[in-house]
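Visitor: Build the full structure now, drawing on both the sequences and the hints.
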Amino acid sequence: MRLPRFDYFGPDTLDAALELLATHKEEAKILAGGTDLLVRMKKGLLNPKVLISLKALNGLSYIKKDDEGIKIGARTPLADIISSDLIQIQATALSQACEKIGAVTLQHYRGTIGGNILQDNRCHHYNQSKFHRSGRQACHKEGGKICYARDESDRCNSTCQSDGATALMALGAKIILASAGHERTVDLENFYTTDGIMPFAMEPHELLKEIFIPFQGGQSAYHRLAFRSAIDYPIVCAGVLLTPSLTQKDEIEGARIVVGAMGRSPLFLAGESAGLKGKKFTDFAAFQTAADAAMNSAATFAVHNVGGTLEYRRAMVSPMVFRALKEAAQAADR
Amino acid sequence: MSDYTIIGKRMPRIDSRAKVMGKAKFTADLKLPGMLVGKIKRSPYAHARILNIDTSKAEALPGVKSVVTGKDTEGVKWGVFSYTRDQQFIQMEKVRYIGDEVAGVAAVDEETALEALDLIEVEYEELPAVFESMEALASQTEPIHEDFPNNINVHINIETGEVDENFKRAHYVREDTFVAPEDSYFMAEPYAVAARFDYDGCLEIWCPNGGPHMKSKPLSNAFKIPLHQVKVRKITIGGAFGGRSEICPADYICALLAKKADKPVKIEFTREENSIATRQGHAMITTHKTGVDKDGRVLARETTCYLDGGAYISTGPIAVSVPFLSMEQVYRMESVRYNGYSIYTNKPIRGMIRTHGRCFAAGLDTQLDMIAEHLGIDPVEMRLRNVRKPGEHTNTKSKVGSCAMDETIHKAVERSGFKDKWGKLPPFHGIGIGTNAVQVGFPMGIRGGSQSFIKFNEDGEATVMSGVVDNGQGNDNMLVQIAAEELGLLPEDIHLVSADTETTSSDPGSYSQVSTFVGGQAVQIAAANCRKKLFEVAAKVLKVKADTLAAKNRLIFVKDNPEKSIPIKKVVRISLTNFNSVNAEGGYWPKVDMKREWVSNPYGQMCEAFSFGTTIVEVKVDPDTGQVEVLNATACQDVGKALNPLVLEGQFEGAIAMGGQGGMLTEYHEWKDGRCLNPTMLDYKLPLACDMPNIDTIIVESIEPKGPYGAKEAGMSIAMSAAQGYSAAVSNAIGVYMDSFPLTPDKILAAIKEKKSRPQNKES
Chain A
1 MRLPRFDYFG
11 PDTLDAALEL
21 LATHKEEAKI
31 LAGGTDLLVR
41 MKKGLLNPKV
51 LISLKALNGL
61 SYIKKDDEGI
71 KIGARTPLAD
81 IISSDLIQIQ
91 ATALSQACEK
101 IGAVTLQHYR
111 GTIGGNILQD
121 NRCHHYNQSK
131 FHRSGRQACH
141 KEGGKICYAR
151 DESDRCNSTC
161 QSDGATALMA
171 LGAKIILASA
181 GHERTVDLEN
191 FYTTDGIMPF
201 AMEPHELLKE
211 IFIPFQGGQS
221 AYHRLAFRSA
231 IDYPIVCAGV
241 LLTPSLTQKD
251 EIEGARIVVG
261 AMGRSPLFLA
271 GESAGLKGKK
281 FTDFAAFQTA
291 ADAAMNSAAT
301 FAVHNVGGTL
311 EYRRAMVSPM
321 VFRALKEAAQ
331 AADR
Chain B
1 MSDYTIIGKR
11 MPRIDSRAKV
21 MGKAKFTADL
31 KLPGMLVGKI
41 KRSPYAHARI
51 LNIDTSKAEA
61 LPGVKSVVTG
71 KDTEGVKWGV
81 FSYTRDQQFI
91 QMEKVRYIGD
101 EVAGVAAVDE
111 ETALEALDLI
121 EVEYEELPAV
131 FESMEALASQ
141 TEPIHEDFPN
151 NINVHINIET
161 GEVDENFKRA
171 HYVREDTFVA
181 PEDSYFMAEP
191 YAVAARFDYD
201 GCLEIWCPNG
211 GPHMKSKPLS
221 NAFKIPLHQV
231 KVRKITIGGA
241 FGGRSEICPA
251 DYICALLAKK
261 ADKPVKIEFT
271 REENSIATRQ
281 GHAMITTHKT
291 GVDKDGRVLA
301 RETTCYLDGG
311 AYISTGPIAV
321 SVPFLSMEQV
331 YRMESVRYNG
341 YSIYTNKPIR
351 GMIRTHGRCF
361 AAGLDTQLDM
371 IAEHLGIDPV
381 EMRLRNVRKP
391 GEHTNTKSKV
401 GSCAMDETIH
411 KAVERSGFKD
421 KWGKLPPFHG
431 IGIGTNAVQV
441 GFPMGIRGGS
451 QSFIKFNEDG
461 EATVMSGVVD
471 NGQGNDNMLV
481 QIAAEELGLL
491 PEDIHLVSAD
501 TETTSSDPGS
511 YSQVSTFVGG
521 QAVQIAAANC
531 RKKLFEVAAK
541 VLKVKADTLA
551 AKNRLIFVKD
561 NPEKSIPIKK
571 VVRISLTNFN
581 SVNAEGGYWP
591 KVDMKREWVS
601 NPYGQMCEAF
611 SFGTTIVEVK
621 VDPDTGQVEV
631 LNATACQDVG
641 KALNPLVLEG
651 QFEGAIAMGG
661 QGGMLTEYHE
671 WKDGRCLNPT
681 MLDYKLPLAC
691 DMPNIDTIIV
701 ESIEPKGPYG
711 AKEAGMSIAM
721 SAAQGYSAAV
731 SNAIGVYMDS
741 FPLTPDKILA
751 AIKEKKSRPQ
761 NKES
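From first to last, the protein sequence lines stand for chains A and B. Position one of the first sequence corresponds to residue 1 (the numbering used here), numbered consecutively onward. Position one of the second sequence corresponds to residue 1 (the numbering used here), numbered consecutively onward.
Listed below are the simulated DSBU-like cross-link pairs for lysine-lysine, each with C-alpha atoms no more than 35 Å apart in a straight line:
no., chain 1, residue 1, chain 2, residue 2
1, A, Lys-49, A, Lys-25
2, B, Lys-672, B, Lys-71
3, B, Lys-570, B, Lys-552
4, B, Lys-672, A, Lys-49
5, A, Lys-145, B, Lys-747
6, B, Lys-71, A, Lys-130
7, B, Lys-259, A, Lys-130
8, B, Lys-71, A, Lys-43
9, B, Lys-672, A, Lys-43
10, A, Lys-43, B, Lys-23
11, B, Lys-23, A, Lys-130
12, B, Lys-25, A, Lys-43
13, B, Lys-259, A, Lys-42
14, A, Lys-55, B, Lys-31
15, A, Lys-42, B, Lys-19
16, A, Lys-326, B, Lys-753
17, A, Lys-43, B, Lys-19
18, B, Lys-25, A, Lys-42
Chain B residues, not near chain A, derived (Cβ > 12 Å throughout):
no., residue
19, Gly-63
20, Ile-225
21, Asn-583
22, Ser-600
23, Ile-698
Calculated directly from the structure, the hints in this document are not laboratory data. Note that the structure is predicted; figures quoted are calculated from it, not measured. Idealized CB from N, CA, C, for every residue including glycine.
Guide: Here is the structure:
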């Protein structure tokens with residue numbers, strides 16, 4: 001498998017990168033590690049004329065904190081996030097999620113947090129070679145009118161398998177998108193379209209610059225299920241955040257339950273989350289109820305397209321959510 | 001214990017350093033002057049008639065040097081046996097699976113070659129396709145191959161003893177069906193082949209192979225050139241596991257492109273091509289019906305197995321037989337009836353695989369455990385009552401020589417603490433045992449024997465020539481160890497010329513676990529003959545009788561008076577100046593029944609030795625997710641004699657990974673209308689190093705009188721018994737006997753749930 005031809009730029013300032021993006025727009029893709037992008041290019045799934053590498057853009061690699069929260073540069077290597085005490089303590093779910101991405105070597109040398117959030121949705125009917133996709137009709141994501149994962153579906157059901165995005169959504173993260181002369185901040189949970197073809201609400205000339213995790217004074221946890229212990233995408237995952245009441249410290253004030261790898265984006269389950277308000281951190285029965293409800297809500301989004309059986313993946317939402325809740329609660333209770 | 005200097009010692013392999021440093025050269029690394037890039041156009045349809053192929057646009061593309069289709073092949077067909085020739089190297093009339101070869105191109109670079117592939121226009125008429133063996137069997141549509149109406153391409157029937165009578169007198173009879181889908185080898189090296197024709201019309205070819213002589217003959221047939229004109233060269237090989245045994249259509253296409261372009265051509269497979277267009281393990285449906293006496297001894301067994309054979313027969317007759325053979329080699333059965341069927345489907349071609357018949361073997365052991373439970377016998381005792389003993393005959397009339405089956409069970413049981421654990425572990429924590437046996441070789445006709453030549457150089461070092469190929473398991477090192485031991489030299493003094501059809505003699509290849517037993521033995525005999533010549537000269541110099549001499553550490557010395565010695569180098573030089581030959585040859589042909597044939601006569605001496613293995617596995621199952629954590633695997637094999645324990649332990653560990661951890665827990669192919677959905681390393685769930693459990697390896701040496709130094713084979717009966725051990729352990733942990741493999745978490749969880757919902761009666 002070979003890479004198609006492309007022009008390569010390696011800007012060393014954000015302005016230069018944004019300038020290039022403004023010039024090339026749809027024809028350009030950002031290379032921020034490449035573990036997702038280059039594989040898709042080799043498979044002939046996309047053919048950008050221009051690659052803008054962030055390799056030299058060291059200015060986008062940082063982990064900082066201020067009074068309000070943690071700021072992470074989008075090009076920060078996963079290894080830096082994993083080894084950060086700040087993130088391990090204040091944003092445990094993200095630390096746990098990053099540890100599961102790829103393998104140690106990929107975390108160290110290639111993978112970046114921005115790249116993980118913006119990894120394209122996956123489907124085992126779509127993420128295939130050109131040969132595999134020949135001799136049949138093109139699917140929605142290839143520009144056709146058919147979905148091989150769900151019969152009669154009028155849209156693409158590709159699955160978001162980003163560990164990082166699931167954890168960050170649980171943490172209530174915001175992302176900062178930059179373009180030439182402009183910046184905007186978006187809540188991660190509002191960043192997704194409901195379209196598997198282009199899952200991100202982002203303009204071609206925009207660049208993911210920074211991730212902001214607000215301090216909420218709670219505990220978070222992330223659990224995922226895969227076939228192997230490394231080099232594997234999750235087939236189900238869950239990130240949660242539990243914050244204690246200011247008056248009753250053993251009571252949950254706010255909860256955020258997010259289920260990943262089940263739909264076109266990580267799923268923030270508002271109802272199930274709200275149901276935990278006022279519960280004790282030791283109320284495992286409430287966690288089980290929430291986990292089962294989360295399973296029922298998330299199950300409808302999933303299709304059979306990332307390996308494993310659909311029935312199994314759906315059933316696994318509950319234990320993943322329960323385990324994440326229990327772990328976060330126990331950490332909060334400590 | 002032994003008098004050996006090098007044999008039996010833990011010697012790092014001669015090829016390790018180059019491999020770990022990335023310096024070993026594989027076929028894909030080859031660069032020949034003027035070499036072109038070859039690519040293969042494959043069918044995107046599972047079953048279709050070819051109406052027309054138009055290559056004109058591809059041929060007109062600048063940079064394209066040759067294009068070949070079925071028209072260039074004269075329609076030659078390949079098959080392992082004269083009665084199984086069903087596959088054209090490039091299809092002309094019909095394609096039968098997604099990936100079938102329809103054309104080849106060679107161009108100056110990969111980009112041009114890929115562009116040329118797109119420019120080849122093939123008109124197809126799609127035909128109804130069948131993807132499962134039962135569906136194919138009942139299919140009323142156009143058969144996949146004309147002459148096979150029910151798509152059955154191989155039927156093997158074996159019957160010995162009074163099966164029906166014995167079922168009648170059996171104390172307990174049960175029948176169970178077990179299933180498993182296809183699995184793949186995932187050799188570290190994707191397939192690649194490089195070929196060129198020289199000015200004399202000789203074909204020189206490099207490719208991963210299970211035996212160079214197994215490649216040269218079909219190529220000589222296909223090109224209608226004498227055998228000596230096909231020169232299969234040695235190259236580093238990154239794994240075979242049975243999947244490199246036959247000629248690959250790409251070998252022929254590559255050579256044809258090279259011939260037509262008059263330039264060297266190399267084809268490198270993508271990982272996907274390696275998965276779908278080389279070979280796979282068969283999907284199987286196996287029914288075992290077993291009748292035992294009140295002590296649990298098997299009186300009668302009837303096994304029926306349907307193998308999904310894919311689009312072409314390939315090694316079908318062997319593939320249908322081997323699961324049965326392993327069964328009859330490891331377990332005594334007073335009588336047995338076997339009906340094995342290989343059925344054409346519109347899926348990729350299947351071949352031999354290291355754990356051939358995982359559902360067959362694991363099913364058999366599962367059923368034994370079920371019977372044992374019914375009779376109140378523990379699994380270890382059940383096996384001790386039924387396993388093979390030395391000196392017996394298998395049902396198909398092979399005499400079993402050395403056999404330390406019992407000892408492997410006892411040692412594995414002791415090391416794993418099986419007796420203290422079985423039945424006493426907490427819920428969802430289990431332990432299981434598997435036992436298996438494997439033939440060391442099978443009748444291979446004219447290529448059943450191996451011959452070796454050894455020449456001494458005047459510096460006292462020796463060159464050993466042998467047809468044995470190293471697929472990665474350490475055969476090169478094995479040959480060097482044997483030659484060094486016999487010649488009294490150090491391993492670094494031995495220079496190996498091997499696996500090259502021009503310079504080495506016929507050899508069965510790394511096939512059916514026979515390399516050490518046959519090829520290694522040929523080198524041992526050649527080296528002993530060579531040593532004899534040196535001793536005759538040394539005896540004259542030392543003024544002693546030749547039979548009083550021994551050789552070690554580059555010296556020939558008097559056994560009773562080691563001070564009296566002469567360097568081998570000096571003996572060589574004296575020999576040469578006195579007109580004495582210092583070269584020798586040797587050969588070994590196993591005494592097997594040459595009348596034995598897979599289909600027409602599956603009886604007679606199969607091989608000269610059998611290896612026996614026991615694997616005990618301890619697991620913990622997560623009852624909420626069905627995920628299995630393997631705590632420990634104990635692998636114990638009767639290898640005859642361990643020539644190099646270091647290498648053997650590596651083979652055992654690899655066998656646990658392939659047969660157990662991958663083969664029984666995660667590895668299987670998923671399909672959509674004949675399209676393989678997980679052909680890549682990301683999507684096919686091969687276990688990683690970090691997924692592997694702790695492994696205890698135990699070597700048992702029964703010293704096979706017919707093997708070199710008593711050696712048989714290493715690793716194969718572990719790979720098979722690992723499958724059985726893993727499934728038994730999981731079944732034990734969840735309290736449900738599993739009948740569908742591999743044991744993926746969804747199946748385990750479903751079984752746990754089903755058990756919970758069952759009414760609490762004690763029906764087994």
